[in-house]
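Keeping their order, the protein sequence lines are chains G and P. According to this note's numbering, the stretch in the first sequence is residues 146 to 745, in order. According to this note's numbering, the stretch in the second sequence is residues 704 to 1088, in order.
Calculated from the structure, these hints are not laboratory results. Computed from a predicted model, the values in this text were never measured in an experiment.
Below 20 Å or equal to it, Euclidean Cα-Cα: the simulated DMTMM-like pairs (lysine to aspartate or glutamate) are:
| hint | chain 1 | residue 1 | chain 2 | residue 2 |
| --- | --- | --- | --- | --- |
| 1 | P | LYS1051 | G | GLU743 |
| 2 | P | LYS714 | P | GLU749 |
| 3 | G | LYS742 | P | ASP1052 |
| 4 | P | LYS890 | P | GLU872 |
Stretches of chain P that chain G covers, calculated by requiring three or more beta carbons in the stretch to come under 8 Å of a beta carbon on chain G:
| hint | segment |
| --- | --- |
| 5 | 754 to 761 |
| 6 | 1056 to 1064 |
Where is the CB? At the ideal position from N, CA and C, for every residue including glycine.
Each chain is listed here by its residues.
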Amino acid sequence: MVDIFLNEKFVGTVANQNEFLNTIKSQRREGIIPEKLNVGYDHELNEIHIETTKGRARRPLIIVKDGNSQFTEEHLKKLKEKTISWDDLLKEGVIEYIDSREEENTLVALEEKDVTKDHTHLEISPITILGVCTSLVPFSNFGSSSRLIRGSKLQKQGLGVYTQNYLLRLDTDASILHYPQRPITKTFMHDVFKYDAHAMGQNLTIAVMSYQGYNMQDAVILNRGSVERGLGRTTYFKPFSATELRYSGGLMDQIGIPDKEMKGYRSERDYRNLEDDGIVFTEARLKQDDVLIGKTSPPRFLGSLEEFNIDANTRRESSIALGEGMHGIVDMTFLTENEEGNRLVQTRLRQQRIPEIGDKFASRHGQKGVIGLLVPHVDMPFSSRGTTPDIIFSPHSIPSRMTVSHLLEVISGKVGALAGEYIDATTFDSPSESSLRKQLVNLGFSEDGKETFYNPLTGERMEAKIYTGNIFYLKLKHMVANKLHARAAGRIQLLTRQPVEGRAMGGGLRVGEMEKDCLVAHGASLLLKERFDSDKTVLHVCETCGMFATYDSYKNQAICTRCGGDAKVSPVEMSYAFKLLLDEIRSLGIDSKVELKEKF
Amino acid sequence: MSDVYKKFEEKLPGRVIEELKVEAKASKLTDAETTKALNDAVKEYEALLISPGESIGIVTAESFGEAGTQMTLDVFHLAGVAEIQVTRGLPRLIELFDARKIPSTPSMSVYLKSEHTKNEKSIRKVASFLKEMRLEEVSEEFTLNIMNESVEVDLDNKRIKDFGFKKEEILETIKKDLKNASVKETKKGFTLKPESEEINLSILYKLKESAKSTLLRGVPKIIQVLPTKKDGKYVILCAGSNLKKVLEMEQVEGKFTVSNNIFEVASTLGIEAARQAIMNEAVSVIENQGLDIDIRHVMFLADMMTQTGIVRGITRGGISGEKESVLARASFETPINHLITASLTGEKDNLKSVIENVMVNQPIPLGTGLPGLISKIGEKKEKKK
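Given only the sequences and the hints, what does the whole structure look like? Please build it.
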């Protein structure tokens, strides 16, 4: 007796579970039962679970019957002729989708030659064990799994042509690579995926060596000549938007150039790029603080009287302007309406981003690094054939990470570039190292991929031969221009009087618990105090009752409201956060007193 | 001669003086030369002392903290080699410094007196006496016979022979141990009959369970024994710890035998032994992980944990909960409880330690924040003169 559950609900029992399972499965294959139904038998609990709900991860497998794959040569031929499609295979019962529970009852053969009588399914292709992004890593069967995972994750951060209608879109944080290329070393997935249509990355000439120590700790050195010729150059788009919101009382925002008398009016110069409608003109070059969309809003807090007595002067300015350190060219303006029918103005800023020190680059093998130095073309090491590398990669990044695939791509890229062909290095189906070496020799190069290099500064031949070739590199979305931040003084929080957080608001850099511990460990007592002075305040404490006194700035004296004018009140320097803590404790009904002591 | 050393007794630790005495004697130094050597020694010694205002607590915490991030949770196993599983790495360090009453894997290293370590056979014999052996392990089946109101026990003759028991012996111990039941020998084993007036199923069941766990031989709590050779000496590694009972055994060499249960060490050998045990355990974890933490940090922690005569952990119930300052305690764990008790008892915070002063943004009384106080005392003295 086996209990049967339909979508986790008990529906009945059955005596012979195998017969039951086989019936359901064969009927599903025949199309009597919906294809999206899965059934699984749990040996331990002795239960059968039938699932028809959404949200299950399912994957397709070829059905095997009596040791024979249901997918025949005939199917292959018809598929090539395009007389049948994937759906036909599903309907015919050649392929079925299996969910995780049903998978427990299957025995899947990886390849057709492994199929025995016991097998229930056959993998469509061995590479289906990898996902889309992971399949894009060439020679991936030569690397360790952790690096493969990292490599596929890095590819998601690569800049390229992320969508072809990017000119009509307003995506946040969108970048377009200027000269995207097809990788010389590709995998089958690049074809399936139509990688050409949304390519990212470029084929670079790489030299595995160190150069003046500027590529230590995973940094890379780029050839400034290559950069000036367009390597890794991207265009960055940033959208801005303004809505004419409606408020209660028939008030609404107004897009236009604000009046000079307006509350919060910026300087005239800041509005110079606006046209009469209050919107910036296209192709305007903007700098920090320049206004993109001029806007005015009704006053924020209206008294009941003021509501009927609206003066133009009570409106305040609420324009959209460029933030700190931003600049660029206005690319396009969109005038639309939002869902509530309010007028919506959106503009897009365009910026050319030339690789600079600190921009992040990565190969497809989990080898990421930032630019440590941009070297002028003439100062780049050159080979005996006169070629200079685009990128110099540190050899120390290789041994501990064991990214053999990275090294293999250098050779295969070199072979591909020299022979003028694309190399297919699909997982488990890539050209062997020895064949690549043989081809290199045939092309007139050293079989180990190494070449003689010369020191550009002295002209001396380098003692070691340098491993060099071509590899596909990606510029990643993390750019210094988006992250550079420092602050000396700026905005503070209203509640704690401590600096605000975050780059966008010009916030402070936090000295946290562990940083504090470092200063304590060094005994740097006064430095520590100075670091935490950001919210220091002078408070007047009544020495009689220990409460904070009221300070009268007109009379320039502090009076304790509890003890009266005679009580001695002394100024004390402390952090505002501590004052806040005392206040909060008091608000709980606990009296906390400050007892003063002469310092000297 | 000894006058020369007497002057330095307060300036140098006894061990240093003893060492110098031996050296001076060997090199036949004169009194003047010895004094010079002693003065040099004092200079060296004072240079090594920690200066006032050094924040040793934070330095110790950081020394452990930095190394702790590199600790791995992996346990190193050798395939096919008999081992006793011991918690190592960060989890062990945490339970050690938290002073948990019972470690997650209690264990002992038992050393034997030399007459018992002649050959492997004699060691195995002692080891078999160490391991706790209960009736369950030499029996085939326990059945409740409701008709006869008795418990029937079938013994496993093969195992009895293997472990060197005799059936009579077993019956004897059972008779001694189970006083509220009568024992009758049968063909397969024996039957137990409860000697109470009213007999019901739960009484029978309880009898069965207590019969199962009757100790036939060995030290209670020692679940597993493994005789091995460590540094040329025979050791019996035990899973489970019972220091007191093991030390009572005549074959055991008490000088070397150790347990990893700190509280057991403290109750059997005293607080100083517990301090040493904490240090040994911490050092073994550190070394096992291939880390390098100065022994003085470990000593400091062990001192802190044992200085009151009982073992206290670095938890809110232990050392950290006994800080003088309300604010310091509140900033560590469960701030609300501390603030409530402080308000109920009217506590006063004198702002003497680090965290309180960071909170109110005053200079911390450490390092450069400390010497103001010292120079003030000096000034007063000068005035008096």
